[in-house]
Amino acid sequence: MNRLFGPIWTAPIVLGLLTIVGLISALVGDGVWDALSAVTLGIVTAVGAWYGLRRPKKRHGARG
Amino acid sequence: MTPLNIRRWSWIHKWSSLVCTVFMLLLCITGLPLIYHHEIVHALGNEVEAPEMPADTPRANVDKVIATALAAYPGKVMMYLSQDKEEPHVWALTVGDSPTSNDYKPLLADARTAQMLPEPPLEGGAFMSLMFHLHVDLYAGIYGKLFLGFMGLLLLVALVSGVVLYAPFTRKLAFGTVRHERSRRVRWLDLHNVLGIVTLVWALVVGATGMINTWADLLLKVWQNTELAEMTKPYAGLPPVTRLASMQAAIATAKQAAPGMEVGFVAFPGTAFATPHHYGMFMYGDSPLTSRLPKPILVDAQTGAVTSSAHLPWYLTALLVSQPLHFGDYGGQALKLVWALLDLATIVVLITGLYLWIKRGKAQAAKPAEQRATEAA
Chain A
1 MNRLFGPIWT
11 APIVLGLLTI
21 VGLISALVGD
31 GVWDALSAVT
41 LGIVTAVGAW
51 YGLRRPKKRH
61 GARG
Chain B
1 MTPLNIRRWS
11 WIHKWSSLVC
21 TVFMLLLCIT
31 GLPLIYHHEI
41 VHALGNEVEA
51 PEMPADTPRA
61 NVDKVIATAL
71 AAYPGKVMMY
81 LSQDKEEPHV
91 WALTVGDSPT
101 SNDYKPLLAD
111 ARTAQMLPEP
121 PLEGGAFMSL
131 MFHLHVDLYA
141 GIYGKLFLGF
151 MGLLLLVALV
161 SGVVLYAPFT
171 RKLAFGTVRH
181 ERSRRVRWLD
191 LHNVLGIVTL
201 VWALVVGATG
211 MINTWADLLL
221 KVWQNTELAE
231 MTKPYAGLPP
241 VTRLASMQAA
251 IATAKQAAPG
261 MEVGFVAFPG
271 TAFATPHHYG
281 MFMYGDSPLT
291 SRLPKPILVD
301 AQTGAVTSSA
311 HLPWYLTALL
321 VSQPLHFGDY
331 GGQALKLVWA
341 LLDLATIVVL
351 ITGLYLWIKR
361 GKAQAAKPAE
371 QRATEAA
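From first to last, the protein sequence lines are chains A and B. Sequential numbering of the first sequence, starting at 1, is according to my numbering. Sequential numbering of the second sequence, starting at 1, is according to my numbering.
Calculated from the structure, these hints are not laboratory results. Small disclaimer: the values here were computed from a predicted structure and weren't measured. Using N, Cα and C, we set each Cβ at its ideal position, and we do this for glycine too. A hint or two may mislead.
Said to hold, decoys possible - Rough simulated footprint, nothing fancy, chain A against chain B, three-plus residues with beta-carbon under 8 Å: (1) 169-176; (2) 187-195; (3) 281-291; (4) 298-304; (5) 331-338; (6) 342-352.
Stated by the list, open to error - In silico DMTMM-like links for lysine to aspartate or glutamate, alpha-carbon gap of 20 Å or less: (7) B:76 with B:137; (8) B:76 with B:119; (9) B:85 with A:30; (10) B:336 with A:30; (11) B:105 with B:49; (12) B:255 with B:63.
Stated by the list, open to error - The calculated label-pair distances, taken between Cβ atoms and stated as ranges, are: (13) B:118 with A:50: 24 to 34 Å; (14) B:183 with A:50: 19 to 29 Å; (15) A:50 with B:82: 37 to 47 Å; (16) B:100 with A:49: 41 to 51 Å.
Work out the full structure, taking the sequences as your base and the hints as a guide.
Right, dumping it as structure tokens:
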């Protein structure tokens with residue numbers, strides 16, 4: 001472990017924990033548990049969509 | 001990480017991924033419609049529903065339902081009887097030439113009138129049936145299942161080795177960086193890394209539970225040959241049951257033995273989930289977990305008395321908990337949508353990964369992985 005651990009792994013660990021909470025909560029109960037699941041997994045999905053679909057601001061001559 | 005270790009893990013990641021990628025693409029693509037199985041079957045008009053009747057219409061005697069079905073299909077015997085919590089007005093019956101027949105017939109009956117409903121198309125119709133088999137067994141039965149299970153194991157190896165390589169390949173980049181200004185290869189490497197790490201835990205869970213699901217047939221065999229066989233021992237050598245005890249009475253008895261639970265599934269004597277002398281009755285609760293973890297009760301098919309009420313062995317519990325975690329069908333429409341979107345993201349990870357291998361180029365291939373990691377980051 002070195003000083004790069006934090007910058008590299010903080011986001012993946014948070015996303016992983018959100019995924020685990022989301023997958024388990026819907027299994028535990030209905031109603032509020034399903035909602036918690038939708039929110040946590042929704043965040044994970046939104047993060048993926050944001051970084052996956054984001055395009056850089058148009059610059060002249062920029063590659064598509 | 002030392003250069004040698006990077007090279008080793010790269011080798012593991014490359015080969016575990018390459019071998020399973022084509023099958024994983026197939027599983028991701030066929031899995032997509034399977035997430036919406038219910039909706040698609042409904043939209044295709046392949047769903048059979050019981051007619052509307054006043055809510056207080058009394059339910060018919062189950063024995064009458066069974067008698068109607070067997071009268072409509074002379075020569076057949078009952079194999080299974082089940083009822084979906086969501087559709088309490090319908091009994092699903094499975095009849096066959098013998099209790100172990102592979103040529104079984106699924107039937108539906110109205111629980112109130114004891115009349116047969118139209119026969120539902122097998123496996124939800126031709127399209128869903130195709131998706132199902134391509135996803136589950138490649139039309140090769142248990143061998144197809146176990147093969148896909150092995151591909152699932154390779155996926156898990158690919159995911160773990162991918163995580164190991166994540167740090168050396170991204171250490172100089174802020175999280176989520178996709179370098180659009182660079183070549184397509186670099187861009188797709190970044191996309192592969194970011195979508196791979198975002199979907200990681202979900203892919204691990206769906207991959208692992210999918211692999212466990214491929215062992216379902218084997219685990220059931222283990223149960224039949226151990227615990228179920230143990231319960232049957234006292235009945236060995238007895239003549240087969242000739243007159244089956246009333247199902248209506250057996251259901252009432254089973255409900256007494258499992259208060260607060262409903263009968264979800266009944267296996268008739270001689271079938272895979274019962275003994276030659278018992279009804280195997282599977283009782284379901286109404287919480288998300290107990291509605292998936294049935295309590296098995298053996299009811300003597302001659303006398304109608306409860307013989308034993310067992311707990312599921314741990315491996316069947318693991319199997320039954322694995323199913324929702326693989327299907328994503330346990331948290332309403334929101335969870336289904338998450339499943340579909342993460343499935344699409346996984347397809348992108350697979351395609352970008354394949355692209356990175358195809359476009360590795362001679363010059364790139366000649367360079368050891370640790371050098372590529374240094375250049376990439």
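Output the numbers, in ascending order, of every earlier hint that fails for this structure.
4, 7, 13
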